[in-house]
Structure formats: structure tokens, C-alpha cells
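Asks: Required output: the full structure, derived from the provided sequences and hints.
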Amino acid sequence: MSAETVLTALLPEVLLLAGLLLLIGLEIAVPRHRGAFAVSLLAVAAAAAAAAWLSAGGSSAAPFPGHYSVGPDTFAAKAVVLALAVPVLLLARGEFPGGPFYPLLVSSLLGVCLVVSADSFLTLFLGVELMSIPVYVLVVLAFQREESAEAALKYLVLSGTASATFLLGVSLLYGGSGSLALSAFSTALGSRDVLATAGVVLVLSAFFLKAAVVPFHTWAPDAYEAASVPVTAYMAAVVKAGVLFAVLRLFALAPAERPLVDLLALLPLASMVWGNLAAMRQDGLRRLIAYSSIAHAGYLFYAFLGDGPGRFQAVTFYLLAYGLMNVLVLAALPPAGDDVARDRLERLKGLFQRQPYAAWMIAVAMLSLAGIPPFPGFVAKFLVFKNVVAAGYPVYAVLGLVGSYLGLYFYLRVIQYLFMAPPPPAEEASAAEGEGAPSRLALAATVLCLLPAILIALFPGWVIDRLGG
Amino acid sequence: MSHLLVWIVLLPLAGFLFNGLAGDRLGARAVSLVGCGLPIGSFTLTVAGAIALAAAGGEPRVETAFTWATVGDHSFEVAFYLDRLSVVMALVVTGVGSLIHVYSTGYMRDDPGYARYFAYLNLFLFFMLVLVLGRSLLVLFVGWEGVGLASYLLIGFWFQDPEKARAGKKAFITNRVGDAGFLLGMFVLFQAAGTLEMDRVNAVFSTGAPAGFSASLIGVLLFVGATGKSAQIPLHVWLPDAMAGPTPVSALIHAATMVTAGVYMVARLSGIYGQAPEASAVIAAVGVLTALFAATVALTQNDIKKVLAYSTISQLGLMFLALGVGAYGVAVFHLYTHAFFKACLFLGAGSVIHALGGEQDIRRMGGLARRVPTTFATFAVAAAAIAGIPPLAGFFSKDEILWFALASRSGGALWLWALAALTAFLTAFYMARLLWLTFLAPSRVDAETARHVHESPRSMTGVLIALAALSAVGGFVGVPHLLEPLLPLPEVRPGLDALETPLVLLSVLLAVGGVGAAAYVLAAGEDPAEVFRRRFPGLHRLVAGKYFVDEAYERWVTRPLYWVSDRVFLRFSDRRVLDGSLHALAALAERSAARLSRAQTGNLQLYAFLVLAGIAAGLLWSLRHV
Numbered sequence: 001m002s003a004e005t006v007l008t009a010l011l012p013e014v015l016l017l018a019g020l021l022l023l024i025g026l027e028i029a030v031p032r033h034r035g036a037f038a039v040s041l042l043a044v045a046a047a048a049a050a051a052a053w054l055s056a057g058g059s060s061a062a063p064f065p066g067h068y069s070v071g072p073d074t075f076a077a078k079a080v081v082l083a084l085a086v087p088v089l090l091l092a093r094g095e096f097p098g099g100p101f102y103p104l105l106v107s108s109l110l111g112v113c114l115v116v117s118a119d120s121f122l123t124l125f126l127g128v129e130l131m132s133i134p135v136y137v138l139v140v141l142a143f144q145r146e147e148s149a150e151a152a153l154k155y156l157v158l159s160g161t162a163s164a165t166f167l168l169g170v171s172l173l174y175g176g177s178g179s180l181a182l183s184a185f186s187t188a189l190g191s192r193d194v195l196a197t198a199g200v201v202l203v204l205s206a207f208f209l210k211a212a213v214v215p216f217h218t219w220a221p222d223a224y225e226a227a228s229v230p231v232t233a234y235m236a237a238v239v240k241a242g243v244l245f246a247v248l249r250l251f252a253l254a255p256a257e258r259p260l261v262d263l264l265a266l267l268p269l270a271s272m273v274w275g276n277l278a279a280m281r282q283d284g285l286r287r288l289i290a291y292s293s294i295a296h297a298g299y300l301f302y303a304f305l306g307d308g309p310g311r312f313q314a315v316t317f318y319l320l321a322y323g324l325m326n327v328l329v330l331a332a333l334p335p336a337g338d339d340v341a342r343d344r345l346e347r348l349k350g351l352f353q354r355q356p357y358a359a360w361m362i363a364v365a366m367l368s369l370a371g372i373p374p375f376p377g378f379v380a381k382f383l384v385f386k387n388v389v390a391a392g393y394p395v396y397a398v399l400g401l402v403g404s405y406l407g408l409y410f411y412l413r414v415i416q417y418l419f420m421a422p423p424p425p426a427e428e429a430s431a432a433e434g435e436g437a438p439s440r441l442a443l444a445a446t447v448l449c450l451l452p453a454i455l456i457a458l459f460p461g462w463v464i465d466r467l468g469g
Numbered sequence: 001m002s003h004l005l006v007w008i009v010l011l012p013l014a015g016f017l018f019n020g021l022a023g024d025r026l027g028a029r030a031v032s033l034v035g036c037g038l039p040i041g042s043f044t045l046t047v048a049g050a051i052a053l054a055a056a057g058g059e060p061r062v063e064t065a066f067t068w069a070t071v072g073d074h075s076f077e078v079a080f081y082l083d084r085l086s087v088v089m090a091l092v093v094t095g096v097g098s099l100i101h102v103y104s105t106g107y108m109r110d111d112p113g114y115a116r117y118f119a120y121l122n123l124f125l126f127f128m129l130v131l132v133l134g135r136s137l138l139v140l141f142v143g144w145e146g147v148g149l150a151s152y153l154l155i156g157f158w159f160q161d162p163e164k165a166r167a168g169k170k171a172f173i174t175n176r177v178g179d180a181g182f183l184l185g186m187f188v189l190f191q192a193a194g195t196l197e198m199d200r201v202n203a204v205f206s207t208g209a210p211a212g213f214s215a216s217l218i219g220v221l222l223f224v225g226a227t228g229k230s231a232q233i234p235l236h237v238w239l240p241d242a243m244a245g246p247t248p249v250s251a252l253i254h255a256a257t258m259v260t261a262g263v264y265m266v267a268r269l270s271g272i273y274g275q276a277p278e279a280s281a282v283i284a285a286v287g288v289l290t291a292l293f294a295a296t297v298a299l300t301q302n303d304i305k306k307v308l309a310y311s312t313i314s315q316l317g318l319m320f321l322a323l324g325v326g327a328y329g330v331a332v333f334h335l336y337t338h339a340f341f342k343a344c345l346f347l348g349a350g351s352v353i354h355a356l357g358g359e360q361d362i363r364r365m366g367g368l369a370r371r372v373p374t375t376f377a378t379f380a381v382a383a384a385a386i387a388g389i390p391p392l393a394g395f396f397s398k399d400e401i402l403w404f405a406l407a408s409r410s411g412g413a414l415w416l417w418a419l420a421a422l423t424a425f426l427t428a429f430y431m432a433r434l435l436w437l438t439f440l441a442p443s444r445v446d447a448e449t450a451r452h453v454h455e456s457p458r459s460m461t462g463v464l465i466a467l468a469a470l471s472a473v474g475g476f477v478g479v480p481h482l483l484e485p486l487l488p489l490p491e492v493r494p495g496l497d498a499l500e501t502p503l504v505l506l507s508v509l510l511a512v513g514g515v516g517a518a519a520y521v522l523a524a525g526e527d528p529a530e531v532f533r534r535r536f537p538g539l540h541r542l543v544a545g546k547y548f549v550d551e552a553y554e555r556w557v558t559r560p561l562y563w564v565s566d567r568v569f570l571r572f573s574d575r576r577v578l579d580g581s582l583h584a585l586a587a588l589a590e591r592s593a594a595r596l597s598r599a600q601t602g603n604l605q606l607y608a609f610l611v612l613a614g615i616a617a618g619l620l621w622s623l624r625h626v
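If you're matching them up, the sequences are chains L and H in order. Position 215 of the first sequence, counting from 1, maps to 215 under the numbering used here, and the rest follow consecutively. Position 535 of the second sequence, counting from 1, maps to 535 under the numbering used here, and the rest follow consecutively.
Careful, some of the hints might be misleading.
[To be verified] Coverage of chain H stretches by chain L, computed from C-beta distances (three or more under 8 Å per stretch; other residues unrestricted):
hint : region
1    : 588-594
2    : 602-608
3    : 615-622
Calculated directly from the structure, the hints in this document are not laboratory data. Cβ coordinates follow ideal geometry from the N, Cα and C atoms, glycine included.
Replies: Take a look at the structure:
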């Protein structure tokens, strides 16, 4: 295989890596962190464009056979993830003028790209760790607040548990099959062997933990809340996508069979119910997003009940719609004097009178997350539940839909705050004082989220075709 | 141009977007330029389309814009269709539409909502063209609902006045009733024909209705929709109230184009109605009764726009009569001539209202002939046209309707002819009264207003002259003949051929007689409506009260519905049963939410325990079920 083919196949990663090296060099050589934002934005955008271009070109290759391969699907997935990172970066500019944020984010993205292309457990593990470890630090970066360190530690410990569980499961699978190829997992899915089944359950539990599925979700609300806004957006949109793509790689085209089906249905179902119910009581927006993301992890894993090709489509589409909407909410959130105040749902009361654009954006995102037509979230949920029904689990589909209706309550409550509630009089002055107009970059981020959202709402068929599967 | 039809439809939409989004900022000049220029562009393209169609010998032109949805084996395409029928409609819509846009630049000049007005008017034109050019009934329905929306927005254009906002709502709700029937008809039709593309539907029905389906049921259901949109009994009540909108809107939407959508739809689906004698009989009966009913009400009205509104209902009734007896081409002919003279009448009325500073009551008008000569002259031509004075446009189309009402082999009957002839007589009568009281009778305008009376600006009078000219000569275009390859005229009942010439003479006599009778009373210096009131107080009360249809609806429909919705649905079902159970559920959810949040203690040991317990439980479950 020629060097050129390898380089083309690795083009997004190469671009990210070049950006990363440049960032590190800048950090050492240039005082006061100039240029870090521009370099990382450029690297990520270029990598996203490269991935999209390669996906459209339909190229596929295996530069490291047995460990790493690419195809139109993987390029599409990379394009989705990297494109989601662009508005996140725009958000970060105000919060982090420079410093470790940018290299950490880019290296985490590199991990996501690795995960998406992984063919063996080794690459997958490398990718997952490369993706997660920078995030622990990213959480801690909001160290103006004391909870940050605590939450980051919890995340680290529980994520470590996940890694350990994953490795234990992989070693069981390896012991049974003698192979480190990811196909060992999909083969074991259909096996009746005790060790193989245990391996599958352990690996799956690890990813449940990473994706915050009940009862492995406990780290998420704390971590999401403690992190600063762009980091929350990154975790909700990109890291979740990375984890789900890893699971997609693992399952490949293999159908889920009993008894795994029940695990794949019941825990996600519990996630939907738990996430949606617990979200009702939250008064902080990031905590609300965290519980909502727990529920959404449930819907995403539900898609694995369906058959192979439909599964890839449904999950990718869902991640795109859901990621865009999460970033949109956080981008439209008006800035405030301090981070804690910015987060409080109370502050959204009567926002429509003060900042109609921001209010509309948050409302659109909430309606989409709730899955109300014609917003993109509806099509995404529709695809998932359609697959579940088509695979022959109508009961689970109905239960899932009921679970998702619980979520309406808190999404609509946000909208009620935005449009119908007058701001509390005593706080009106302080709210108006701390609350500036969103920065130009944040506005750009909302536009970057909104335009593709409109596109996928209007032409879902076209988008699904582009996402392959 | 390969996308001619798409462009015809899209130009007004571009106008709507431009005027709606940027109009307020760019000033009245840009708004007028875009708001009038794009409809005129559409008209030009339509003319080009018509020429191409003529060159192609009437071969329909189909353009598929995009595939909207594919459900199972059926794909629903947004396609446009230009044939002999839709080209006539499109020419009327864009032609009269453009004229009225131009007129509006004068009429609405000082309105603060100038840009909004043109945005809505362009939006209306867009939907109307979708309706007319749509190949599928589904696309037609999109346009059908869209023109309803635009009409609602324009009736309630001066929404600060609650009366006008209410009129907009009334139009919308009344149309909903009709649309329910229309939708049901569409469902049954789709079941029967397997397609909603109207040329294919007609082809399916050309050999009789598909087994197991009644063409008459489909026909009647669709006709229910038409009664709403085209203001036929019993859903006519919204149109007189719709006069609350600006007068050019009344001319465009509530006289020339939108209200004729029902007529167009029935003509478009003539394949179905040809197989549905029962539905056709219903249409003819409803049409002729509406025509007569509205003509009698028009006799007694004193608001210049209300007279014209009832006259529109009446003329639409005549069109439906023609449809009901199978003379589809004749109905379209009358639709076409009516668009000219009724638009001219409404715009003339607008000019009068403009001159009098908003006065609409003909009892406080008079003597305007010399003050606003152009308006008077054009109004007189159009009034003569609607009255059926030869050789003006209305004479030809009305005469053909009367002839086929009697002579058509598919449903013609003496009683239909008699009622239609009576309507024609009354039409001539009330138009003469309107013309006399407005322009010729001694002035009853108060001195203050009289001093300000002025002829309208050239943008308005020019349009009036154009429409009056069309009302005068439009009848010489043999529309039924043009449409004949598509919509053949019905056969004549045997033995009636000899009657044709006497009947033409008779209909001239009716028109002249109507005018003469009115002149006889008016010359004595009396308002015929007054005479009527004195002689037959009871009957007059009934007619002037519009047969109390509104009151009957209020009493027998609205109030019971209100009672049911208040007592049964709101107080019992909603508040007690639904809210009660929902509140209970919500309380349950709240309580479980509280309990779940309590699990989120922030205690890492607890979290780790949950994780390990989860893994253990997962393993246990799976291994027990291997």
C-alpha cells in the first residue's frame, strides 16, 4: 500500500495531529497563548471537511489491516463528530482564551477518530482512552468552582472502572476466540458459551458506563454540571457520539439476540424513565442537559435492537440531530457574570422579551430534543423506533415511547420559562445587569447548529442517504 | 425554458419573502416595484406558456418540481400541470391579479402596513397558482389551504379592529367545515383511483367508477369543500363578512379568484362528476338556490360592498348550476367573464369609497357620476356586463348557462332554468339600483365629505379602464369552444334545438326588463328596497336579515357546541377526568423524581456501588439465560 493511500485514509487524523503539534509548539514558543483558538479551529474544520470529502468520494482502505480501516461510513461518522466540534470550539473562545483547553480538545477528537476506525480491541481501547483522558482534565479546567475537581475525580474513578471492565471483558473474549479482532465480539453475541457471554456483558457494561446509561449514569450529572459550558457541550455532543460509534463498530452488522436483547432494552428503558423523571426536578440547565443526555443514551442504545444497516443510519442520524441541538442550547444561553448564575434555569424566565433570538434558539432545541415534529429530533426518534418495531419488539417500542413522553414535561417547562413567565421582579435588575448579548462567536455557533438542523428537518432522506449505512 | 411553470409559481413567493422580510426597511417604492413586478412577470410567463400550449396543439405540459414523499408504492410528487383549463385559470389569476396589485399601489398608498399588505397579496397569488397549476389533488389542496390562510390574513389585515379580526376568523372556520368534506373526499378518491393526480383520476373514471366506489359520494364530499371555498349554501356566511378586508382584496380574492376555486376544482375533476349524476344534481340544485337566494338578499343591502358580495355569491351559484348540468366549459367561461366585471365593480366601489373618505353606505351617496367620471363610466360598463346586456361579456356566459340549465341532457330542467332566469332578472334589477343610488340619484353626501370628493389616482383609474374594456369585449373569446376538446359540452335534449334563438332573445329581455323595472321605480325617486319594505314588511325583514342564516347557526350550532364544549368537555372531561388523572400522574412523577434525585447524593462510594451492582446484575441475568 502506497504512502499516499495511507495518508489519504488518515487525512483527518493527520490534520488533527498536525494541529495538535502546532498547538503544543505555540504553547511553548508564543507567550499569552495567541493563535491557539485559530489553529485548533482550522485543524478541526479542515479535518471535518476532509472527512466529508472522502466520504462523498466513497474511498475505503485499510492502512493497518486488522487494526484500522476506513470506508465511506467511517468517514461520514468522523465528519459528523468533527463538524459538531466546530461550534463547540467557537463557544470556547470566550471561556478559554488559550492554554491547555485546545490541545486537550484536539487530542480527544483524535481519540474519537481512532475509535470510529478501530478494527481491533487494542485500537478501540487506545481510542477510547485517548478520547476520555483529556476530558477529565477539561472538566477540571473550570477550576474557579470547587465542584469541578470533585466531579472530575468521580468521572475519572468511574471511567477507570469502565476501562477495567472493558479490559476484563476483552480478555474473556480473547480467551475464548484467540483473536483481538472486533469481530470476536459480534461472533460472541450469538454464542451460548458462558465465558463469551460474560465477556460481551462486561464490554457492553463498560460502554453503558461511558455513555451514562442507568445504573451507570451517576457520574454524568455531576460532571456535566461542574464543567464549563463548552466542555459540557463537548461531552454531550462529541464524547457521547464517540462512545456510540465504538459500540456500532463492536456490533457491526450482527443482530442482538436473547438474553442480550433484554439487557439492551431494559437498561436503556430504565435510562429513559430515570433520566426524564429526574430532569423534572432540576433547576440548573447543565444538570438538566445531563439527565436529558442520560435519557437520550437510552434511545440511542435502543437502536441496537434493530438490524445492522438500519442501526448505523439511525444512530448516526440521531447523534447528529441530538448533538446539534445540545450545542445549540448551550450556545444560545446568554452569558452572565459568573458561571453558576449563567446555569440557573430561573434566569431564562422571560428571556423572549429580552433576547428573542436566543429564546427562539433554545426553544427550537428543546422541541427537537423532545422529539416533536417537524424538528430533526423527531425524525431521529422515528428512525430508532421504526427499527425497533421492524426488528419485532413492538412492546419495547411502545414502552420507549411512553418513557420519552415523560421528557416532554421538562423540555416544555423550559419553553414556558422562555416565553410565558415574567422575570422574577427582584432579580430583574441583576439578571439584566449580568446578562450580556451573546458574543458574535456564540451567534456563529448557533447558526452553525441551526443551518444543518434546518437541512435535516427539511430533507431527512437526503441526509440519511449521505450518512450511508 | 424548461421550468416555466415552476417559475410562474415561484415568482410571487419570492415577492412574499422579499416584502415580508425586508419590505419595511426598503421603502414603499421598492415594495411596489417587487410586489407588482413579480406578479406581472408571472403573467408574462403564463402568456408564454399559453402560446407554447397553443403551438403544441393543447398537449398538456407537465413539470415535476420534486418528489414530496414516497409511501409504500405510492410516490407523491409536487408537479405542475398546464392544459387548456389551467391555462385559462392561470391567465385570469395572474392577469387580474397583476392589475389588482397595480391598483393597490394607489389604494393602499398611505397605509402603515404597506409592505405587509403586498407580502400577503403576493403570498395569496403564490398559493392560488399552486392551486391552479397543481397536477395532484394534494398539491391543489395545499394551495386551497394556503389561499384560505392568505385570505384570513388579508380579511383581518386591519386586525386592530376586533370586528375585522372576527370576520377573518369566521372565514377561516367556515372553510374548515368545508375542508373536512374535501379531505374525506380525497381519502375516498385515493382509495378508489390509487392516485390523486387529476388527469389520471379523470382517466380512471372515464370508464365508470372503480368497482365498490360511488362516484357520487366522492363528488358530493369534494363539493362540500367547494361550498366552503366558493361560498355556496349552507357555507356562504363568511363571504359578506369578508368584506371587512381592504377593497382590492375583496376584488382579487373574494370575487375574481379564490372563491372560484371550487368551480375550478369541479371542472378539473369533470371525469368524476361525469359519472356522478346524483352529485351533479345536488350541485345544480345548490347552485341555483344559492344564486336566487343571494340575488334576493343583494336587493335589500345598503352597503356597497355587501351588495357586491351577495352578487358574487349569486354568480358563483350560476357557475355551479352550469357545472351541475354538465356544462363545465360554460362554467369556466362565466368564471372568466365574472373575474373581469366583478373585479371592476369591486375596484370601482373601492374608488368610490376612496373618494368619499371611507363611506360605504349607498344611502349616503349619489350624484357621483360627474365628480368621479372615470369610475362611473367603468362601473357602468361592468354593471351592464353583469346584468347581461349584450354584447358585453356577461351576456354571453350567462346566456349559455341559462340555455344549458334548460337544454342539457345531463340534468337540464325547466325549474332550474326558471330560477336562473329569475336570478338574471334580479341581477339586472339590483345592479341598476346600485348604479343609480351611487352615481346618478341626487346627492345625499354630507357637505363636508362632498368637498373632498376626488377622482382616484391614475394607477387606480387605469386599472379600472383596463378591466372595463375586458368586461366589454371579453365575451367574444369563445372559452367553451377553446375548452371543448378537454371539457365537451353536454348534448342538448331532443326537441329543444328550436328554442335556442327565442331563449337568447328572452334573456336579453330579462336583462333589459330588470334594468327597466328598476328604472321605473327609481325614476319615481324611490329606493326599490324602501318600497319593498313598505309593501311587504315581513318578507323584507326576512330578506334584509339575510334569511337569518347567521342567527340560525348561532342558535342551533354555535351555542349548543359551546354548551357541549363548556360543560361536557371543559368542565367534566378536561377539568375533572383528564386534569384530575393527569394531576395525579404528575404528582406521582414529581414524587418519583424527588426520590430519584435523592439517589444523586454526590457520594462516590454510592456511585461505584451502583456501577458494580449493575455489572453484577447484568452478568447474573445473562448467565442465567444463556
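Asks: State for each hint whether it applies.
Replies: Status of the hints after comparison with the structure:
{"no.": "1", "hint": "588-594", "in the structure": "holds (count 5)"}
{"no.": "2", "hint": "602-608", "in the structure": "holds (count 5)"}
{"no.": "3", "hint": "615-622", "in the structure": "holds (count 5)"}
Of the numbered hints given earlier, the model fails none.
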